[in-house]
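Peer 1: Single-letter residue listing:
There are 2 protein chains.
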Amino acid sequence: MILNKIGHILKDYDDFAIVSHVSPDGDSIGSMLGLFNTLKDFGKSVDLFVDDILPEKYSFLTGYDNIKRYNTGSKYSCLIILDCGDVLRLGELKSLLNCSDIVINIDHHISNTLFGDVNYVDSNASSVGEIIYQILKINGYNISKTTAMCLYTSILTDTGGFKYSNTTSMTFNIVGDLINTGINFSDIYSRIYDSKTLSQTKLLEKVLSTLEVYFNDTVAVLTMPYKLLEECNAKENDADEFINYARNIDTAEVGVFIKQINDFKCRVSLRSKNYVDVSKIAAYFNGGGHIRAAGCTIEGSISEAKNKILDALKDVLEVGHK
Amino acid sequence: MILNKIGHILKDYDDFAIVSHVSPDGDSIGSMLGLFNTLKDFGKSVDLFVDDILPEKYSFLTGYDNIKRYNTGSKYSCLIILDCGDVLRLGELKSLLNCSDIVINIDHHISNTLFGDVNYVDSNASSVGEIIYQILKINGYNISKTTAMCLYTSILTDTGGFKYSNTTSMTFNIVGDLINTGINFSDIYSRIYDSKTLSQTKLLEKVLSTLEVYFNDTVAVLTMPYKLLEECNAKENDADEFINYARNIDTAEVGVFIKQINDFKCRVSLRSKNYVDVSKIAAYFNGGGHIRAAGCTIEGSISEAKNKILDALKDVLEVGHK
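For the record, the sequence lines run as chains A and B.
With the UniProt record's numbering as the guide, the letters of the first sequence map in order to residues 1 to 322.
With the UniProt record's numbering as the guide, the letters of the second sequence map in order to residues 1 to 322.
Careful: at least some of the hints might be erroneous.
Stated by the list, open to error - Pairs of lysine-lysine, DSSO-like flavour, derived with a Cα cap of 30 angstroms:
#1 K273(A) to K202(B)
#2 K314(A) to K202(B)
#3 K196(B) to K280(A)
#4 K206(A) to K273(B)
#5 K40(A) to K137(A)
#6 K163(B) to K235(B)
#7 K163(B) to K163(A)
#8 K196(B) to K273(B)
#9 K202(B) to K308(A)
#10 K5(A) to K94(A)
#11 K265(B) to K306(B)
#12 K94(B) to K5(B)
#13 K273(B) to K235(A)
#14 K196(A) to K163(B)
#15 K202(B) to K265(B)
#16 K196(B) to K163(A)
#17 K202(B) to K196(A)
#18 K227(B) to K202(A)
#19 K206(B) to K306(A)
#20 K202(A) to K235(B)
#21 K57(A) to K202(B)
#22 K57(B) to K163(A)
#23 K206(A) to K206(B)
#24 K196(A) to K196(B)
#25 K235(B) to K206(B)
#26 K273(B) to K308(B)
#27 K308(A) to K57(B)
#28 K94(A) to K11(A)
#29 K206(A) to K57(B)
#30 K308(B) to K196(A)
#31 K202(A) to K227(A)
#32 K235(B) to K265(B)
#33 K202(A) to K273(B)
#34 K306(B) to K163(A)
#35 K206(B) to K202(A)
#36 K202(B) to K265(A)
#37 K235(A) to K206(B)
#38 K206(B) to K196(B)
None of these hints come from the bench; they were simulated from the model.
Turn these sequences into a full structure, and let the hints guide you.
Peer 2: The structure is reproduced here in structure tokens:
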């Protein structure tokens, strides 16, 4: 069984590098650190790499400060790659593949290209954190409070707070076991989901003031002129979840968020609830995504982008209602 | 064992009334309907009562429309009272106690006055929904998808989305079992937490525009002039969770929400995170609550109420920082 094989490698090897994808998130960071903290408890040498800036909200996790961006020529006996469907997701760190004796690839993306020497891909797992839990359990590792905090963070964030349909009864059982270690999961939850900066809250207010509804309130649109970021002293990713305020309008089938990039270009995010395939709308403008969540870039001012999107939605809504 | 005794009563009796508290919430409604749907499956006669208006967001649960406000003289073999620490929580429906052969009191409030003929109070249970699950399981009932939706709603809402510290590994195990029935828990979650009316979203924007911070950003204040409700065509309970936008500012120790009642009176809600006991501030203005969540009513305009609260907070923040 592959999980046992991975267990043997974790025991037999002494020096590891653990690496994960660019645009790091709660699952990639949490699963890296969960494995890191357990291996460190057993006296192993472990280096951590991510070729990107790390979201600061995960800095409370033990080992966060050990994550480095560049490898300055070190070689490793074992390279463990987490949550990456393919090696391009590693950014510049894909060079690590050439300076490691064995490569373990652990993932939950069904599209994984199986690029490792040992590959474990479980597309039914909510998160890589859930897989790391299973690897540790099956191989007899005790899960410490420190590791439990990391794995809880993984699972929490990749399930959207146990809300997304990737959450299974296995997920809930694992979380039940993790919180039995005595971690302050309420505090972790609040740090990740509730904490907002003053700038972010001001930006939200400005963006909410742009709310418009169309087609009998079935389409809700929010817009963000690029000058707002400066005006509110906010960062671009402060607006990451604003699309939900449009989507969550009870009468809305489609939520639209138009973020102005510059005077000539807008980035458009689309969300739907039940019957509109927003990936088709996005594809029409050379964008992409899924049925219920997609995005595209449109040339023009905010009002031009809005009109183009509304025109495209008008046709689809009429078809969808039939 | 009391849970078995309750099981025998559920099997032996044929006509039931199930009743819960005024100001109904997800747990009271979900646990009532979970038990209702199971008993109906066994051909029992079951009436449901709550002496209050029901929150419409739970109307998707089977049996919701069967909940009546008044009992017009019916008598019952068995009266089951859920989630009520004492009989006063029943409102006018406490009269049901006099027209029932046996009264079962099921609750999770440690303060329960044990007013039933049979009492089962488990203060470690996150919710009464969790207790109903255990009663059904221990007594061999199959939990249908319909019942699972109700009990999931109970547990979800009383744990604040599995966030509050009353959530235990038992809670997670039970939820894992409930979702195994195939319920669309993602949809339930979204209905309860994500769905907002257009009016509510407009009201949020207006209230966010009042955001002010004091004392090195450790106090965040939001205010709501009473005219805003009319201006946004919103209802008073649309603002129920706005206090969190003040509390969630990362630098804030205290979040304050001042809701103007009329030209002469304001209702003030207070939340704190780590070291300020807001129940003391509220008590100073003849209000009440807990260390981290309290409220009071202050005579005067919004700015007068704000100045009074800030004066009181100033002293406490200085002490708290020592």
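Peer 1: Against each hint, give a clear statement of whether it holds in the structure.
Peer 2: Verification of the supplied hints:
1. K273(A) to K202(B): OK: K273(A) and K202(B) at ~21 angstroms, within 30 angstroms.
2. K314(A) to K202(B): Answer holds: K314(A) to K202(B) is near 24 angstroms, not above 30 angstroms.
3. K196(B) to K280(A): Status holds; Cα separation ~26 angstroms.
4. K206(A) to K273(B): Holds, at about 27 angstroms.
5. K40(A) to K137(A): Answer holds: K40(A) to K137(A) is near 17 angstroms, not above 30 angstroms.
6. K163(B) to K235(B): holds, 27 angstroms
7. K163(B) to K163(A): Holds: K163(B) and K163(A) sit about 12 angstroms apart, inside 30 angstroms.
8. K196(B) to K273(B): Measuring from Cα to Cα gives roughly 26 angstroms; hence the hint holds.
9. K202(B) to K308(A): At roughly 25 angstroms apart (the allowed maximum being 30 angstroms), K308(A) and K202(B) satisfy the hint.
10. K5(A) to K94(A): Roughly 24 angstroms separates the two Cα atoms, so the pair holds.
11. K265(B) to K306(B): holds, 12 angstroms
12. K94(B) to K5(B): holds, 24 angstroms
13. K273(B) to K235(A): holds, 25 angstroms
14. K196(A) to K163(B): holds, 17 angstroms
15. K202(B) to K265(B): holds, 24 angstroms
16. K196(B) to K163(A): holds, 17 angstroms
17. K202(B) to K196(A): holds, 20 angstroms
18. K227(B) to K202(A): The given pair, whose Cα atoms are some 22 angstroms apart, holds under the 30 angstroms limit.
19. K206(B) to K306(A): Cα-Cα ~24 angstroms, so holds.
20. K202(A) to K235(B): Between K202(A) and K235(B) the Cα gap is close to 24 angstroms, so the pair holds against 30 angstroms.
21. K57(A) to K202(B): Judged against 30 angstroms, a Cα distance of about 29 angstroms means the pair holds.
22. K57(B) to K163(A): Within the cut-off at roughly 17 angstroms; holds.
23. K206(A) to K206(B): holds, 10 angstroms
24. K196(A) to K196(B): Satisfied, since the Cα-Cα distance of roughly 20 angstroms is no more than 30 angstroms.
25. K235(B) to K206(B): holds, 14 angstroms
26. K273(B) to K308(B): holds, 21 angstroms
27. K308(A) to K57(B): Roughly 35 angstroms between the alpha carbons, so the hint for K308(A) and K57(B) is violated.
28. K94(A) to K11(A): holds, 25 angstroms
29. K206(A) to K57(B): Given pair K206(A), K57(B) holds - Cα atoms ~28 angstroms apart, limit 30 angstroms.
30. K308(B) to K196(A): Between K308(B) and K196(A) the Cα gap is close to 27 angstroms, so the pair holds against 30 angstroms.
31. K202(A) to K227(A): holds, 13 angstroms
32. K235(B) to K265(B): The hint holds at about 18 angstroms.
33. K202(A) to K273(B): holds, 21 angstroms
34. K306(B) to K163(A): Violated. K306(B) to K163(A) sits at ~38 angstroms, over the 30 angstroms cutoff.
35. K206(B) to K202(A): Cα-Cα ~12 angstroms, so holds.
36. K202(B) to K265(A): This hinted pair holds, its Cα atoms lying about 28 angstroms apart.
37. K235(A) to K206(B): Since the Cα atoms of K235(A) and K206(B) sit roughly 23 angstroms apart, the hinted pair holds (cutoff 30 angstroms).
38. K206(B) to K196(B): Roughly 15 angstroms between the alpha carbons, so the hint for K206(B) and K196(B) holds.
Violated hints, in rising order: 27, 34; the structure is consistent with all others.
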